[in-house]
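Going down the list, the protein sequences come from chains X and F. FYI, in my numbering the residues of the first sequence are 1 to 158. FYI, in my numbering the residues of the second sequence are 159 to 578.
Hint data in this document are derived by calculation from the structure and do not stem from the laboratory. Every residue gets a Cβ at the ideal spot worked out from N, C-alpha and C, and that includes glycine. Heads up, some of the hints might be wrong.
What the hints assert, rightly or not - So, partial list: chain X residues that the calculated Cβ filter (under 7 Å) puts toward chain F:
#1 21
#2 23
#3 68
#4 70
#5 71
Unchecked claim - If we take Cβ atoms under 8 Å as the criterion, some of the chain X residues that face chain F in the derived model are:
#6 42
#7 44
#8 69
Spelled out, the chains give:
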Amino acid sequence: MTSSLGNLRDLYQQVILERYKKPRHRGKADPVSRYQKGHNPSCGDTIELTLRLNQAGDRIEEVKFEGEGCAIAMASADLMAEALTGRNVDEALQMVQRFQDMMKGGVEFPSEFRKLNVMQGVSQFPVRIKCATLTWHTLKAALEAASSEKLEEFVSNE
Amino acid sequence: MTIATEKPLAFKVRADFPILHQEIHGKPLVYLDNAATSQKPIAVLEALKHYYENDNANVHRGVHTLSSRATDGYEGARDKVAAFVNAPSRQEIVFTRNASEAINLVAYAWAMSTLQPGDEIILTVMEHHSNLIPWQFVAQRTGAILKFVELTETEEFDFDHFKSLLSDKTKLVSVVHVSNTLGCINPVQEICAEAHRYGAKVLIDACQSAPHMPLNVQQIDCDWLVASGHKMCAPTGIGFLYGKLELLRSMPPFLGGGEMIADVFLDRATYADLPHKFEAGTPAIAEAIALGAAVDYLTAIGMDRIHTYEEELTAYLFKQLEQVPTIRTYGPKPNANGGGRAALAAFTAGDVHPHDLSTILDQAGVAIRAGHHCTQPLHRHLGAQSTARASLYFYNTREDIDVFIAALKEAVDFFGSIFG
Ligand SMILES: Cc1ncc(COP(=O)(O)O)c(C=O)c1O
């Protein structure tokens, strides 16, 4: 890419493109403790999250996703899945907030989650923020649902 | 005699569109999202300004000078639109907010009160949501059944399939003239002739044809035709419905309010004559007048000339797109002169998602659309979740297409280098 398109490098960091091309967390959790579909109706991006929780239901043991969308949406889901594995539900919900703050130009994640900070460049492209937050928005709905009941309902990120 | 190399149309008109002369991210704007909405020439902007600076008043409601000027301007715009589509009577033109409202008007005022359970409405799989959802409402309320014409192998209107769907049960055929996604030009005249043999009515969605080619409702012989002003150089908030006089007469009013009445009593009312029967409340007066100015502007250039110039651009666009690796376009290919389809291209580029393409192109100053273009069922049918779309108008140039293609190549290369 020529230098004229250089600031796109902030948006499409290598990690994002790699994750889009070769996601590590695509699929379905086994067994499924939580299932949630999310979409951005105006652009058509969809995501299906499945979570495996521990017996007590307060710790995330596995996160998987399926869906179709742009590089930003898909890479964001893959990075989120990785960052959440082994986290408490409360902690995960705080991370949802933190991610949304980061998209508004707020502070980045501490070093233990630094991979998520590659998404920071998206904050310079306001129309693309909803691409990055779709997976987090869907996660929130999944965690807040009492169980895996509302199988057919989408949460909308718009 | 010297052979003058005439400048392409765009070079003569670009000065009329102030918005085109700006930079986006430091690059000259290349506006290729005309199927979503067009830009507005100075003549239209001036009409709005002139109206508010000189003539603003309510229409049909006063005897003072301003009111009569506003009324003359508003009704004059109706004459212009009637002439633009060659309607036999000015009473056959109803101003609406947009094409969607015009379709809803027919759905509520005609279909809801006319259709019976088991009656059939024929649409196509390529319809814009605006020409689908209102008929879903009608089907839900009346028990009418929706049938859909499929696509041919070249992704065009399948006329044979259409004929096989027609029967005495068919009461309405509602089809898009030019698809906003496939770009195919549907044979509306033949569609009307065939449907009328069964006594069915036909509505034509002319949103993507009215801005780009001459329209003649008498030749097409449609029962209704709808379009939106904002796609044909006019402001947002104004569109129109053409309907055959007798048919409009037979339809009950849609919305109730001022303007649409004759005599009002506390418990009942009689309604105004056409077209005011369908124009409840204070209309978008300035916008209608500006639509009149847009029609004048387009007519002065000549719709034939616009169409011919856009065909040249189409030929060039498709030729250049073929040079870009991984590009898959949708709808029919243009013929050798660039005819046979509209001046737009919906496409996908391998693994590169349309949104990512659009963001990258925006950085190069190029505005295209990415998404489902309000044709979700069509996208499902094509097996594409979303597509990118470049759509042209007569102020676009070959140079615009060159900038677009160069940026597209760069985007494809950029992602290609990752995907290897
Ligand atoms: C083919 C077609 N029909 C209908 C519409 C709806 O137009 P509007 O939103 O102005 O009512 C559009 C515009 O997007 C269109 O392209």
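Do the hints match the structure? See the list:
1. For residue 21(X), the shortest C-beta to C-beta distance to chain F is roughly 6 Å, which falls under 7 Å, so the interface hint holds.
2. Hint status for residue 23(X): violated, given a least beta-carbon distance of 13 Å to chain F, over 7 Å.
3. The beta carbon of residue 68(X) comes within 5 Å of a beta carbon in chain F, closer than 7 Å, and the hint placing it at the interface holds.
4. With 7 Å as the threshold, the beta carbon of residue 70(X) comes within range of chain F, its nearest partner Cβ sitting at about 4 Å, so the hint holds.
5. Hint on residue 71(X) holds. Least Cβ distance to chain F is approximately 5 Å, under the 7 Å limit.
6. Restraint check, residue 42(X) versus chain F: the minimum CB separation of about 7 Å is within 8 Å; hint holds.
7. Hint status for residue 44(X) relative to chain F: holds, with the closest Cβ pair at about 5 Å, below 8 Å.
8. Hint status for residue 69(X): holds, given a least beta-carbon distance of 7 Å to chain F, under 8 Å.
Consistency note: the structure conflicts with earlier hint 2 alone.
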